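S.K.: Chain by chain, the residues:
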Amino acid sequence: MASLRTWLRGAALGAAALAALSLPGAARAQDTIKVGILHSLSGTMAISETTLKDVMLMLIDEQNRKGGLLGKKLEPVVVDPASNWPLFAEKARELLSVDKVAAVFGCWTSVSRKSVLPVFEELDGILFYPVQYEGEESSRNVFYTGAAPNQQAIPAVDYLMNEEGVKRWVLAGTDYVYPRTTNKILEAYLKTKGVADADIMINYTPFGHSDWQNIVAQIKKFGSAGKKTAVVSTINGDANVPFYKELGNQGIKATDIPVVAFSVGEEELAGIDTKPLIGHLAAWNYFESVDVPSNKAFIDEWHGFTKKPNRTTNDPMEAHYIGFNMWVKAVEKAGTTQPDKVIDAMIGVTVPNLTGGYAAMMPNHHITKPVLIGEVQGDGQFNVVWQTPGTVVAQEWSPYLEGSRDLIADWRKPLSCGNFNVKTGKCGGASK
Amino acid sequence: MTLLRVLLLLLVLSPFVARAGDDPIADLAGNYDDIRHAVDALSVSGNARAEPVIAALQNGALMVAADRSLWIREGDAMLDARSGAPGSPNGPLKPVRLNNAVRRAIEAAMGNLTLFSADPARRLKAAQALFAQPDPAALPTLDRALAKESVAGVRRLLQQAQAAAVLAGADAPIPDRLAAIVVLRARGDLAASNLLAALAGQPPEVAAAAAEGVAAIARAQKIWALAQGVFYGISLGSVLLLAASGLAITFGVMGVINMAHGEMVMLGAYTTFVVQQAVGAWLPGLAAAGVLIAIPLAFIVSGAVGIAIERLLISFLYGRPLETLLATWGLSLGLQQAVRSLFGASNRDVSTPGWMSGAAQWGGVTITFNRLYIIIFAAFVLAALMAVLRATPLGLQMRAVTQNRRMAAAMGIRTPWIDALTFGLGSGVAGMAGVALSQIDNVSPNLGQGYIIDSFMVVVFGGVGNLWGTLVSALTLGIVNKFLEPVAGAVLGKIFVLVLLILFIQRKPRGLFPLKGRAVEA
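Which chain is which? The protein sequence lines are A and B, in order.
So for the first sequence, our numbering puts the first residue at 1; every next one is plus one.
So for the second sequence, our numbering puts the first residue at 1001; every next one is plus one.
It should be emphasised that the hints constitute simulated quantities derived from the structure, not laboratory data.
Since the model is a prediction, treat every value here as computed from it, not as a measurement.
Glycine residues also receive a C-beta, built at the ideal position from the N, C-alpha and C atoms.
Among the hints, a few may not be true.
Beta-carbon label-pair distances, calculated as ranges [claimed, not checked]:
| no. | chain 1 | residue 1 | chain 2 | residue 2 | range |
| --- | --- | --- | --- | --- | --- |
| 1 | A | Lys72 | B | Arg1097 | 25 to 31 angstroms |
| 2 | B | Ala1289 | A | Pro352 | 49 to 55 angstroms |
| 3 | B | Glu1074 | A | Val177 | 47 to 53 angstroms |
| 4 | B | Arg1510 | A | Lys275 | 45 to 51 angstroms |
| 5 | A | Val77 | B | Ala1227 | 58 to 64 angstroms |
| 6 | B | Glu1074 | A | Pro352 | 40 to 46 angstroms |
| 7 | B | Leu1283 | A | Ser97 | 54 to 60 angstroms |
| 8 | A | Asp197 | B | Ser1083 | 54 to 60 angstroms |
| 9 | B | Ala1218 | A | Asp291 | 46 to 52 angstroms |
| 10 | A | Gly165 | B | Arg1097 | 19 to 25 angstroms |
| 11 | A | Lys333 | B | Leu1333 | 40 to 46 angstroms |
In silico BS3-like cross-links for lysine-lysine, where the CA-CA straight-line distance does not exceed 25 angstroms [as the list claims (entries may be wrong)]:
| no. | chain 1 | residue 1 | chain 2 | residue 2 |
| --- | --- | --- | --- | --- |
| 12 | A | Lys167 | A | Lys221 |
| 13 | A | Lys221 | B | Lys1222 |
| 14 | A | Lys253 | B | Lys1125 |
Here are a few chain A residues that sit away from chain B, every Cβ distance over 10 angstroms (derived from the structure) [said to hold, decoys possible]:
| no. | residue |
| --- | --- |
| 15 | Asp238 |
| 16 | Glu246 |
| 17 | Gly356 |
| 18 | Gly425 |
Generate the whole structure from the sequences, applying the supplied hints.
M.R.: This is how it looks when you write it as structure tokens:
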């Protein structure tokens, strides 16, 4: 009998102890700030986006080790939109209304951004978009930490024109919105520089194009008109490897016809033997090879976090690094994670970038960036051969396009408009 | 202090310095412009160290120390750039970086410096480099080289390089320039046309002759372009044929709509990657043959996976094409994700062995070796497949089973086994296609998706169940595609091909070479 009582008492004590233990646990769970990560982990875009999910986990982990934010721990919420554009909108809605995340870091392709945009505007969320894109957009709920065309494409063309003396241009791209808009801007820009129609060749190929024989031969022919020729490539993702292989096979060297690419980074070069590509160019706002202490620390931490000592870093990763630090700073400044307050606090926030300078969030929700031109090296890295003297402010509405020439975005009160027409003095629609 | 050091340095190095303050080797430690000028100056300086120093610069072996002294890395040893004597630099070294302008200068300089080499192959390369970077300053050197040259091929190239250099200068007399135009016109390729086209601003008779030369080259190129287009078409056709011939077995002979066919191709490509890694790690001597070793292994891997799929999935779904389609499609997504988890989402680097890279020039047609080998490989695979179907007991049993399953079973053939083996054969062939595709496309989990639609198109167009039909249809689609592409663009070209195909299937629903007989009605 006694033993049963003892047992019962023991059990009761145990239960009480368990309850006591679990209660603060439950309280702790409520005391986290949730951060949404909306990157494809399967499907075609997994190749690029998985890395960004990893870098976000690293940044959140690091912030937690520094003591979290506003005295609370950060908690990542990872969802997989599976490279499926409508699913992006669904997952974004889930993050905002079910998980109630304070901010979302995500998207890669423009179409995925366009797909989630109405969700973020409706539910008043915050999205950090880390990839270079075609511009022509500014939303109150989105912070664009990637490059606008004037922070990547136009300086690259300037470099070729001034340093390599290029007179004839091939604009080659994959057939979707980013290359088409960028090429439209570049074509208009080249024409203002006095390049004739006959000296511009524009070529589009489908996603994942793998047979480049004809097109490379065409480029070769176009380049044999007695003027220095260069290729400006907005070819996306998977199609690049066969493109560069074909260039190498047909014997087009960077000294003959250099190719400057806007979508080829360290990650993409990992799948190619780069020896035949030495001297081809890429324009970005960050290269892994940039030799400054902050970048070295970042790379070391990345290798430590992923436990893979040769995993590369790339430009969109830097964009997330900047975006995350800006968000942390803005939340501290606002003293809350409430989106409305954080959005207002974001403008003017300045954080160090990884190339030895600073990035500032401008009123158009884009950040200032230096532009770097790198040459492909034999080891799959880039050697920076040129860079802008300071940072460049994004032109979200291109001055070279008919429809956007007179528009500006300024989210400071009282203007608070993403597409203000300076000619008519009216805010044109997108603003709430 | 620094001034003193520079003075001291100059004093020590005075035997190598032609004039004080004009030291090209020291300039190699400067910025890109300095380096470019230094290379130009070195190549005509007559300095004995010019060739090794510039060659080291070209190979990335030239290093600069913190005190701006220059060193050449040779294996583990460090040689002083000026003297060639081994030494030990103080402080860490950085390689001298290049940009494209410097690379061009180096090519021209190496041309200049190796023009008198004893080896005709090196002289040929030198002449090519000089042709590619025409420089009037190199004319005296070229004249001397021409006077000595006895090998006809090198001589012709030297003359072309001389012509290019004459035209690049502003002070050559008009008859010389006209003669140079004739030489370039005879060369007749795009590079020559490029040089001639640059002469538009010259005196009228020169400009006229140049324009005529450009036109003549353009006429000849037009005819060559036709031949080139056919080569491109055959090459694309051979890729389609490789991707489709496995499907011609599984879909064509067995009637299974296998949406996971592309993933069999992908598995073959990953097998190539694994083989290459393994060979690189354990048998580095065989690295160049890694691709060849991968061919049978890819066949076995994809074939085994194919047999497993047939036994575990498809055998339960015979006669239910819609369910087969859905099940295999799900399987294809599963296989992709499995490979993605196993190998990572990024592309894998399958290197192209030396004997497969590069190109040969046949008149105006560029034949790239990797494409040529793929054409040969596709022909070989098709022939082997036909031989298996026609001349082996397995082939006989396969045909028996597909033509009349019940009769074949009555004759003692184990039809379920034959089904599995047939499916394995088709999958294995797809795996071999993967080996070829790893040479021209990304090795990524999505590799197969790009080929599945094209493969079905080829099989349907050629006539289901007929390997000859598959061959003809792959080549036709390839050539039509390649001739449409320059006219309509790659995107529209593909659409046109698809529309043409739909119209054709409307008229001939069974494809180019339909099977006849009772099997069709069954």
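S.K.: Confirm or reject each hint.
M.R.: These are the hints, each one checked on the structure:
1. Lys72(A) with Arg1097(B): 25 to 31 angstroms: Given about 47 angstroms between the Cβ atoms, the range is violated.
2. Ala1289(B) with Pro352(A): 49 to 55 angstroms: holds (51 angstroms)
3. Glu1074(B) with Val177(A): 47 to 53 angstroms: The hint (47 to 53 angstroms, Cβ to Cβ) holds, given that Glu1074(B) and Val177(A) are roughly 52 angstroms apart.
4. Arg1510(B) with Lys275(A): 45 to 51 angstroms: Holds - the Cβ-Cβ distance for Arg1510(B) and Lys275(A), about 49 angstroms, lies within 45 to 51 angstroms.
5. Val77(A) with Ala1227(B): 58 to 64 angstroms: Check passed, 59 angstroms falls within 58 to 64 angstroms.
6. Glu1074(B) with Pro352(A): 40 to 46 angstroms: Holds, since Glu1074(B) and Pro352(A) (Cβ atoms, about 41 angstroms apart) stay within the stated range.
7. Leu1283(B) with Ser97(A): 54 to 60 angstroms: holds (58 angstroms)
8. Asp197(A) with Ser1083(B): 54 to 60 angstroms: holds (56 angstroms)
9. Ala1218(B) with Asp291(A): 46 to 52 angstroms: holds (48 angstroms)
10. Gly165(A) with Arg1097(B): 19 to 25 angstroms: Since the Cβ atoms of Gly165(A) and Arg1097(B) sit about 20 angstroms apart, the hinted range of 19 to 25 angstroms holds.
11. Lys333(A) with Leu1333(B): 40 to 46 angstroms: holds (45 angstroms)
12. Lys167(A) with Lys221(A): The given pair, whose Cα atoms are some 15 angstroms apart, holds under the 25 angstroms limit.
13. Lys221(A) with Lys1222(B): Between Lys221(A) and Lys1222(B) the Cα gap is close to 11 angstroms, so the pair holds against 25 angstroms.
14. Lys253(A) with Lys1125(B): Status holds; Cα separation ~15 angstroms.
15. Asp238: violated (5 angstroms)
16. Glu246: violated (8 angstroms)
17. Gly356: holds (18 angstroms)
18. Gly425: holds (41 angstroms)
Hint violations for this structure: numbers 1, 15 and 16, all remaining hints satisfied.
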